[in-house]
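Protein chains: 2
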Amino acid sequence: MTIVLHELVGADEARPFSPHCWKVVMALAHKGLPFERKPVCFTQVPGVEGGVSKTVPVIRDGSQVVADSFMIAAYLEETYPDRPSLFGGDGGQAMARFVEAWSQSTLHAALNVIALHEIADRLAPEDQAYFRPSREARLGKTFEQIAERRQAEIEGFGAKLTPLRVMLKSQPWIGGSSPLFADYIVFGALQWARVVSSAPLLEAGDAVTDWFERCIDLHDGLGRAVAAAG
Amino acid sequence: MTIVLHELVGADEARPFSPHCWKVVMALAHKGLPFERKPVCFTQVPGVEGGVSKTVPVIRDGSQVVADSFMIAAYLEETYPDRPSLFGGDGGQAMARFVEAWSQSTLHAALNVIALHEIADRLAPEDQAYFRPSREARLGKTFEQIAERRQAEIEGFGAKLTPLRVMLKSQPWIGGSSPLFADYIVFGALQWARVVSSAPLLEAGDAVTDWFERCIDLHDGLGRAVAAAG
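Protein chains in written order, with the UniProt record's numbering: chain B, 1 to 230; chain L, 1 to 230.
No lab work stands behind these hints: they were computed from the structure.
Check each hint, because a few of them may be wrong.
Said to hold, decoys possible - What the simulated footprint calls covered on chain L by chain B, stretch by stretch (three residues with Cβ under 8 angstroms from a Cβ of chain B suffice, anywhere in the stretch; the number is not a length):
hint : stretch
1    : 80-92
2    : 170-178
What the hints assert, rightly or not - Pairs of lysine to any residue residues, derived as SDA-like cross-links and limited to a Cα-Cα distance of at most 20 angstroms, are as follows:
hint : chain 1 : residue 1 : chain 2 : residue 2
3    : B       : Lys160    : L       : Ser105
4    : B       : Lys169    : L       : His108
5    : L       : Lys54     : L       : Thr162
6    : B       : Lys160    : B       : Ala207
7    : L       : Lys160    : B       : Gly50
8    : B       : Lys160    : L       : Thr162
9    : B       : Lys169    : L       : Gln104
10   : L       : Lys160    : B       : Ala159
11   : B       : Lys169    : L       : Ala152
12   : B       : Lys160    : L       : Glu153
13   : L       : Lys160    : L       : Trp173
14   : L       : Lys54     : L       : Trp173
15   : L       : Lys169    : B       : Lys38
16   : L       : Lys160    : B       : Thr162
17   : B       : Lys160    : L       : Ala152
18   : B       : Lys141    : B       : Thr162
19   : B       : Lys38     : B       : Val226
20   : B       : Lys169    : L       : Asp68
21   : L       : Lys160    : B       : Thr55
22   : B       : Lys31     : L       : Asp90
23   : B       : Lys38     : B       : Asp68
24   : B       : Lys54     : B       : Val4
25   : B       : Lys31     : L       : Gly89
26   : L       : Lys160    : B       : His108
27   : B       : Lys169    : L       : Asp90
28   : L       : Lys54     : L       : Tyr75
29   : L       : Lys38     : L       : Lys160
30   : B       : Lys169    : L       : Leu33
31   : B       : Lys141    : B       : Ala129
32   : L       : Lys169    : B       : Asp68
33   : B       : Lys38     : B       : Arg224
34   : L       : Lys160    : L       : Ala225
35   : L       : Lys169    : B       : Ala109
36   : B       : Lys160    : L       : Gln104
Beta carbons are placed, not taken as given, at the ideal position from N, Cα and C, and that holds for glycine.
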């Protein structure tokens, strides 16, 4: 049966950008499971699957409804153990939580500043009225105050990727010799930036850039199928 | 047969401080393997096991000699598969490389500044003449220039632990429900700081502090057996 993925979009439904939804897209493709992407804009989220979650991604797999990208990956791993593993064992599942914590506290924190206006501009009209006050409340600052930090965050972004850059001296993927969900976690953050923002964040010749290029080619180029923001 | 661990010490052989050696101490205890700690000061390292490595830890296990903390952990995992796992599977082994890269590029980079003078003061006399020019060459700065950054690094250290702090909301160990080598990697950095430095780096009530207290109690209090620098 085809799994339904409820996935965040802006005004252009063909350009999904949510980092957490991208993680799930890659996880479903990694498992080789047939799935259908159902676009949802911010203000439609409360109606998804009877209001099961305040956020997307949400998947429906037959009678099962699961929210939260990590919980979805764990559900897929447990439900489809004979398909390619997303974690490479219990240790890998636990350590993917560390990668998630690093990605969110370091990369997302910066991208929330860098891409804020670009995200707002790409939303559906009904979402724009929701997005600004919601994000200003979450960050405790006005859009204008946040924008003052944008250039510094762009300039500091490359250094934040140092742990990944150092690790890539040992192996080609966070998962080792092939990608695992932990790769998709970091991919999600950088794909979000790639789809919504024109900020120059990845440099040619950097091992992280090479890794990201390999990521967007995975699973028949799922990531590359959405063009970079220009 | 008892495994021999060649472990870095300063003037006081009862206060081993090397983060990489501490990782191996914990890994050997985790595997429940009998081992003997052989103290080595910096200038003795070239003579260890016939000069097999420029650094310690080095272990001898019967006829096998292995250098480098991660390679030692991988060797123990492969050689003693029936004892408690250090990685929790292939994915965990791969992701431990990410944790290592994060710990070294973030925590070690800061601790190399914070603890530099305190390490130098604790070395054996013959090592002191080696240590300063070696570290000044590695860091590209004089001890005096490095010392200028010390206070700022102390003040910024807590924020560098944010990824671990965030992860601890999901689970008590980097390894999940119980510690794995990835925990020992980060423990090694903080135990190094604890043994050599009086800088206040961990705050009471912080989830990272609680995790570290759990770490030094592991394996019959191996970490706690060396008192904190005062």
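> When the hints from earlier in the document are held up against this structure, which numbers fail?
Replying inline: Hint check: 5, 7, 11, 14, 15, 18, 21, 29, 30 and 34 fail, others pass.
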